[in-house]
Amino acid sequence: MAEVQQNEKGEGGKTKQKKQHLRVDFTPMVDMNMLLITFFMFCTTLLKPQTMNINMPMKDENLTEEEKTKIKESGAVTLLLGANDELYYYLGIPKDQSTYADSTYLITSSYGAGGIRSVLLEKNKGTYEKIQELKAQLKEGLIVDSVFRTKSKEIQEGAKDYAPTVMIKPTELSTYKNMVDALDEMLITNIGAYAIIDLTPGDRFFLYQRTGNKEYLTDEQRVELEQK
Amino acid sequence: MAKVKVKKQSTFIDMTAMSDVTVLLLTFFMTTSTFLAKEPIQVTTPASVSEIKIPETNLLTVLVDKEGKVFLSMDNAEQKVATLKAVSEPYGITYTAKQIESFRKLQSFGVPVRYMQAFLDLPVEKQDKELQNLENKRVGVPAEDEKVEDGRGIISSDNEFKRWIAAALEINRDLKIAIKSDKTTNYPVVKKIIDILRGDELRQNRYLLITTLREGSNN
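Chains as they are written, first to last, in our numbering: chain D, 1 to 228; chain U, 1 to 219.
What the hints contain is simulated information worked out from the structure, not anything from laboratory work.
On a predicted model such as this, the values are computed, not experimentally measured, just so you know.
For glycine and all other residues, C-beta sits at the position ideal for the given N, C-alpha and C.
Any given hint could be a false lead.
[As the list claims (entries may be wrong)] On the chain U side, residues computed to face chain D include the following (Cβ under 8 Å):
#	residue
1	Phe35
2	Lys38
3	Ser50
4	Lys147
5	Thr184
6	Asn186
7	Leu213
Bound-form chain D, shown alone (with noise of 0.2 Å):
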């Protein structure tokens, strides 16, 4: 379909220099294009998924035992993830029955900027201001992206005697999205310490003190609260 304009032959011998129109059709290329642009945008995506690192603690019954007397009290910071989106945390770690009695000692909390996380905030204050520092500096170019990360590391480890530590204990009858959430409000406000945990059976009771679910509770549980 290129159209090319021809001299007509049939003056023999000398061929007249005529001008030479050459002009190419280019529709079929636009055509073939569009359609290879089409296939492209069906059958790609141009998302490339993200990925969130966690390390999960060794699941060895001693170690997690000597862990737990490592966390200081005043910098534990314990998040219950229950049903329906629900989020409760409580500070320092429940020393003896009378902890269990006092009903003001697990605090109803939200996922999001309102809730859960300024309460990390005010407590991971040090720590995350110097992140954000760093991050502006990130953002101006003073400094590359692996001297970033060395560096707010450095800052988590340097913190490590009063940031808080959190345990973060999903319950049953949370959802795989408040995981996320929860591991993101660390990422958040730079928390370097935090760990997945089963619940005690004292965070079940804890719950189901406040909600009257008894779900949350183990069979045992169950069991003990139906014969009193």
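Since the structure of chain D is already known, use the hints to place chain U on it.
Then chain U, alone, in the frame of chain D:
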């Protein structure tokens, strides 16, 4: 009568510029996008502010659906085939070259080993149909420790998921495990998988959770 002289005028539109634009667009799409992976189940991953990109190599993705059905996918086809052979060996199952070729083409797989041969013999469309039927107990890598059987026979006699992961790690030590699950999945379903990975045999404590970027501010 005056004759109307019809001028011979070609309606020729120059498409060169248009072609330039489309080629540019095409190049953009080809370079920036990645192909959608064919997955037996559709999941909406939860959002996070984490901006770590997913690694392209040495990745083992564990896809968990809402009911706890497990599908695996590996980026390296050679290692995938080697893993299949290693897993099937204790069961005395061997594959023909055709079945191996069919397995190589699978994006993600999740069938009990006992049904792998029959599954691989099916044409691709039938394989997809089979995987879509989530009621089917013969879909998904069995992750139960105890024996599972129904009227048609034994489905699995032990935890095949554990075997798959162990075999894959044996072949490639640097393998990173990524967990992909729907955001509405109940936590116990994910916990079960994580507990198997953390267990005494596998001892894997580092995972990547696949998420999508949270929109809006990240402060």
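Right, here's what the structure says about each hint:
| no. | hint | result |
| --- | --- | --- |
| 1 | Phe35 | holds (5 Å) |
| 2 | Lys38 | violated (10 Å) |
| 3 | Ser50 | holds (4 Å) |
| 4 | Lys147 | violated (24 Å) |
| 5 | Thr184 | holds (6 Å) |
| 6 | Asn186 | holds (6 Å) |
| 7 | Leu213 | holds (5 Å) |
Hint compliance for this structure: hints 2 and 4 are not met, and every other hint is.
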